[in-house]
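Undergrad: Heads up: the sequence shown begins at 2 in my numbering, then just goes up one per residue.
Because the hints were derived from the structure by calculation, they are not lab data.
One or more hints might be untrue.
[As the list claims (entries may be wrong)] 20 Å max Cα-Cα, derived PhoX-like pairs, lysine-lysine: (1) K225 <-> K109; (2) K109 <-> K95; (3) K263 <-> K225; (4) K225 <-> K236; (5) K95 <-> K263; (6) K236 <-> K213; (7) K213 <-> K109.
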Amino acid sequence: MAFDLKIQGKESSKSIQLIDYNNDTNVTIHCKGALMNSWKVQFESQLLELIVGNQTDLNDNGSVNKLSVDKDLSFEMNGFRSGKMSPFSCRINKGMFHWEDQTYRFDKFYLGEHAMHGLIYDANFELLSSAIHEDRAVVELGFDYQGTDPGFPFPYQIRIQWSLYANSLIGIKTTIRNISNHAIPMMDGWHPYFTLGGFVDAYTLAFTSDGKLEMNDSMIPTGKIIEANSFNIGKPIGTTYFDDCYLLQPSQNRIQLSHEGKTITVTPIHNYPYLQLYTPDDRQSIAIENLSGAPNCFNNKMGLQLVEPQEQIYFETSYQFNATSK
Numbered sequence: 002m003a004f005d006l007k008i009q010g011k012e013s014s015k016s017i018q019l020i021d022y023n024n025d026t027n028v029t030i031h032c033k034g035a036l037m038n039s040w041k042v043q044f045e046s047q048l049l050e051l052i053v054g055n056q057t058d059l060n061d062n063g064s065v066n067k068l069s070v071d072k073d074l075s076f077e078m079n080g081f082r083s084g085k086m087s088p089f090s091c092r093i094n095k096g097m098f099h100w101e102d103q104t105y106r107f108d109k110f111y112l113g114e115h116a117m118h119g120l121i122y123d124a125n126f127e128l129l130s131s132a133i134h135e136d137r138a139v140v141e142l143g144f145d146y147q148g149t150d151p152g153f154p155f156p157y158q159i160r161i162q163w164s165l166y167a168n169s170l171i172g173i174k175t176t177i178r179n180i181s182n183h184a185i186p187m188m189d190g191w192h193p194y195f196t197l198g199g200f201v202d203a204y205t206l207a208f209t210s211d212g213k214l215e216m217n218d219s220m221i222p223t224g225k226i227i228e229a230n231s232f233n234i235g236k237p238i239g240t241t242y243f244d245d246c247y248l249l250q251p252s253q254n255r256i257q258l259s260h261e262g263k264t265i266t267v268t269p270i271h272n273y274p275y276l277q278l279y280t281p282d283d284r285q286s287i288a289i290e291n292l293s294g295a296p297n298c299f300n301n302k303m304g305l306q307l308v309e310p311q312e313q314i315y316f317e318t319s320y321q322f323n324a325t326s327k
């Protein structure tokens with residue numbers, strides 16, 4: 002059979018490898034955070050690592066160095082690499098929002114004065130199911146948030162399905178079910194750092210935007226959308242520093258990252274109209290983040306989802322690697 006999967010470790014250190022032998026593709030999913038920590042593909046007779054995960058580091062030459070999965074690394078100090086961002090992504094202004102005549106304030110993590118990247122990026126997900134099919138290997142992970150943070154005392158279930166298909170195509174589907182007794186606000190996102198070797202200055206980036214969100218000095222959206230079409234037809238990143246949020250053009254929402262004959266394509270499929278881009282200081286990777294709403298959407302309502310009791314909503318995206326002409 003072309004596809005396989007392997008389960009290693011126990012409890013929070015458990016990981017699942019999704020394997021496509023025909024295409025020499027290997028994807029590693031960690032139960033802690035339900036994140037993708039590795040995505041290896043065959044390129045010019047070598048295995049190429051495409052992800053800088055939470056349990057990885059970059060060498061000086063840009064190659065990826067794996068660390069022990071048992072090492073207790075801080076998601077926050079590692080830049081939330083590959084993290085699942087829920088029930089909000091990016092910043093919430095001063096960690097506060099007003100909902101149904103009450104004001105809430107998050108406790109989890111602050112960068113400066115603002116809450117960052119949700120509540121479950123380091124949660125211990127349960128392995129719910131795994132299966133090998135003729136056309137894919139798939140794993141489903143689940144976590145039941147119990148409303149433990151005073152800023153979000155609303156229980157909900159989250160289920161994440163990772164699927165590896167032929168031609169190094171990865172499908173990611175997140176399903177949310179509201180198990181509280183009243184409607185709750187919801188935002189969803191991912192925080193993967195992609196690398197194609199070397200420095201991102203030489204990478205070509207292409208995406209079609211309906212505009213960029215103007216930010217204030219605290220990186221909180223002002224509500225204004227400004228024109229931003231510099232990368233519509235693709236161009237080298239060069240010295241561009243990204244920490245920006247864009248509205249994707251609905252009919253042309255693919256994001257492509259290319260370098261020296263290698264291309265990663267990110268295709269939001271359902272409920273991810275926003276794109277956040279971020280370049281870390283070492284410039285050896287770039288975060289391409291699918292978001293369901295804008296930063297601070299619990300306050301500005303830009304893309305905010307309202308989930309009724311027992312209602313289920315889902316978010317879906319895909320990543321694919323292709324070898325292209327140099």
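Undergrad: Confirm or reject each hint.
TA: Evaluation of the provided hints:
1. The suggested pairing of K225 with K109 is violated, with an alpha-carbon distance near 29 Å, which exceeds 20 Å.
2. Between K109 and K95 the alpha-carbon distance is near 12 Å, which keeps this suggested pair within the 20 Å criterion.
3. Between K263 and K225 the CA atoms are separated by roughly 35 Å; this puts the pair beyond 20 Å, and the hint is violated.
4. Distance check on the hinted pair: K225 and K236 sit about 25 Å apart at the alpha-carbon level, beyond 20 Å; violated.
5. Between K95 and K263 the CA atoms are separated by roughly 40 Å; this puts the pair beyond 20 Å, and the hint is violated.
6. Proposed proximity of K236 and K213 is supported: the alpha carbons are some 17 Å apart, at most 20 Å.
7. The suggested pairing of K213 with K109 is violated, with an alpha-carbon distance near 28 Å, which exceeds 20 Å.
Hints 1, 3, 4, 5, 7, counting from the list given before, are not met by this structure.
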